[in-house]
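Engineer: These protein sequences, in sequence, are chains A and B. Position 43, counted from 1, in the first sequence is what the numbering used here calls 43; the numbers after and before it change by one each time, with no gaps. Position 4, counted from 1, in the second sequence is what the numbering used here calls 4; the numbers after and before it change by one each time, with no gaps.
In short, the hints are calculated from the structure, not lab data. Treat the hints with caution; some may be incorrect.
[As the list claims (entries may be wrong)] Now the stretches of chain B that chain A is said to cover, found in silico as 3 or more residues with beta-carbon under 8 Å: (1) 86 to 97; (2) 106 to 114.
[As the list claims (entries may be wrong)] Label pairs and their computed distance ranges (CB to CB): (3) A:P8 x B:S80: 17 to 27 Å; (4) B:E17 x A:S69: 49 to 59 Å; (5) A:D38 x B:Q8: 11 to 21 Å; (6) B:R110 x A:I15: 24 to 34 Å; (7) A:Q22 x B:D81: 36 to 46 Å; (8) A:N65 x B:E15: 40 to 50 Å; (9) B:Q2 x A:N62: 19 to 29 Å; (10) B:I46 x A:P39: 19 to 29 Å; (11) B:K78 x A:T7: 33 to 43 Å.
Treat the numbers as computed from the prediction; the structure is a model and nothing was measured. Each residue gets a CB set at the ideal place from its N, CA and C atoms; glycine is no exception.
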Amino acid sequence: NAGVTQTPKFRILKIGQSMTLQCTQDMNHNYMYWYRQDPGMGLKLIYYSVGAGITDKGEVPNGYNVSRSTTEDFPLRLELAAPSQTSVYFCASSRLLGTEKLFFGSGTQLSVL
Amino acid sequence: AQTVTQSQPEMSVQEAETVTLSCTYDTSESDYYLFWYKQPPSRQMILVIRQEAYKQQNATENRFSVNFQKAAKSFSLKISDSQLGDAAMYFCAYTQGNAGNMLTFGGGTRLMVKP
Numbered sequence: 001n002a003g004v005t006q007t008p009k010f011r012i013l014k015i016g017q018s019m020t021l022q023c024t025q026d027m028n029h030n031y032m033y034w035y036r037q038d039p040g041m042g043l044k045l046i047y048y049s050v051g052a053g054i055t056d057k058g059e060v061p062n063g064y065n066v067s068r069s070t071t072e073d074f075p076l077r078l079e080l081a082a083p084s085q086t087s088v089y090f091c092a093s094s095r096l097l098g099t100e101k102l103f104f105g106s107g108t109q110l111s112v113l
Numbered sequence: 001a002q003t004v005t006q007s008q009p010e011m012s013v014q015e016a017e018t019v020t021l022s023c024t025y026d027t028s029e030s031d032y033y034l035f036w037y038k039q040p041p042s043r044q045m046i047l048v049i050r051q052e053a054y055k056q057q058n059a060t061e062n063r064f065s066v067n068f069q070k071a072a073k074s075f076s077l078k079i080s081d082s083q084l085g086d087a088a089m090y091f092c093a094y095t096q097g098n099a100g101n102m103l104t105f106g107g108g109t110r111l112m113v114k115p
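Please build the complete structure, drawing on both the sequences and the hints.
Structural biologist: As structure tokens, this is what we get:
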């Protein structure tokens, strides 16, 4: 029972580089989310998806893109990385939309230097 | 916009004692949900307890209970018989009932448990 799996766990990027954070869940959840957590702060929603082929912006979407081609996978792409994107990124999924329990991955710590 | 405030950046408690973590929120909605999530050093967020705003009864989960004061917009977490494994960051979170796509999180409270 893997739950929500994120890769990589750590990554250092140079300014202007791009990368994709991978997220997969094995619980057959329709709803998936990407959050970022800045030091000493709570989490903020970047993007979410209510099912394969459907995505929508959250509170802080600028500089990111997502896709949802399957129920299991919800990758987050950073284009032209900036120091302001230094953060810990969490992927989560839920059986129902938001009002139920969210299952989180263990996070990706990203530094942009 | 909804806001969630945790006024205690750090708290400490003696093992086996009781501690209460504070959370206040601001909303004009009547249908919403409140959560407490625990983030241990492993970083993975774990749901501790969930409260529906329409329920007057305070939610409980084993040693964890809440004091939900809807009029005061207060949602505190009580941990009884504290254990070393309770040491973690605790986040209070809010979501609207009819558009529960986004959790709004507080800034967190770091709980230390002294043996």
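Engineer: If a hint holds in the structure, say so; if it doesn't, say that too.
Structural biologist: Hint by hint, here is what the structure shows:
For the segment 86 to 97 of chain B, the stated coverage by chain A holds: 4 residues have a C-beta nearer than 8 Å to a C-beta of that chain, and at least 3 were required. For the segment 106 to 114 of chain B, the assignment as covered by chain A holds, since 3 residues bring a beta-carbon within under 8 Å of that chain's beta-carbons and 3 suffice. For A:P8 and B:S80, the hinted distance range of 17 to 27 Å is not satisfied, since their beta carbons lie about 39 Å from each other. For B:E17 paired with A:S69, a C-beta distance near 50 Å keeps the hint of 49 to 59 Å intact.
A hinted range of 11 to 21 Å for the beta carbons of A:D38 and B:Q8 is consistent with their spacing of about 19 Å. Checking the proposed 24 to 34 Å range against B:R110 and A:I15 shows it holds: the Cβ atoms sit about 31 Å from each other. In this structure the supplied range 36 to 46 Å holds for A:Q22 paired with B:D81, their Cβ-Cβ distance being about 40 Å. As the Cβ distance of A:N65 to B:E15 is approximately 47 Å, the hint placing it in 40 to 50 Å holds.
Hint check: B:Q2 to A:N62, Cβ distance near 21 Å, so the stated range 19 to 29 Å holds. Take B:I46 and A:P39: their Cβ atoms lie about 20 Å apart, and the range 19 to 29 Å holds. Remark: the range hint 33 to 43 Å for B:K78 to A:T7 is upheld by a beta-carbon distance near 37 Å.
Going through the hint list in order, the structure does not satisfy hint 3, though it satisfies all others.
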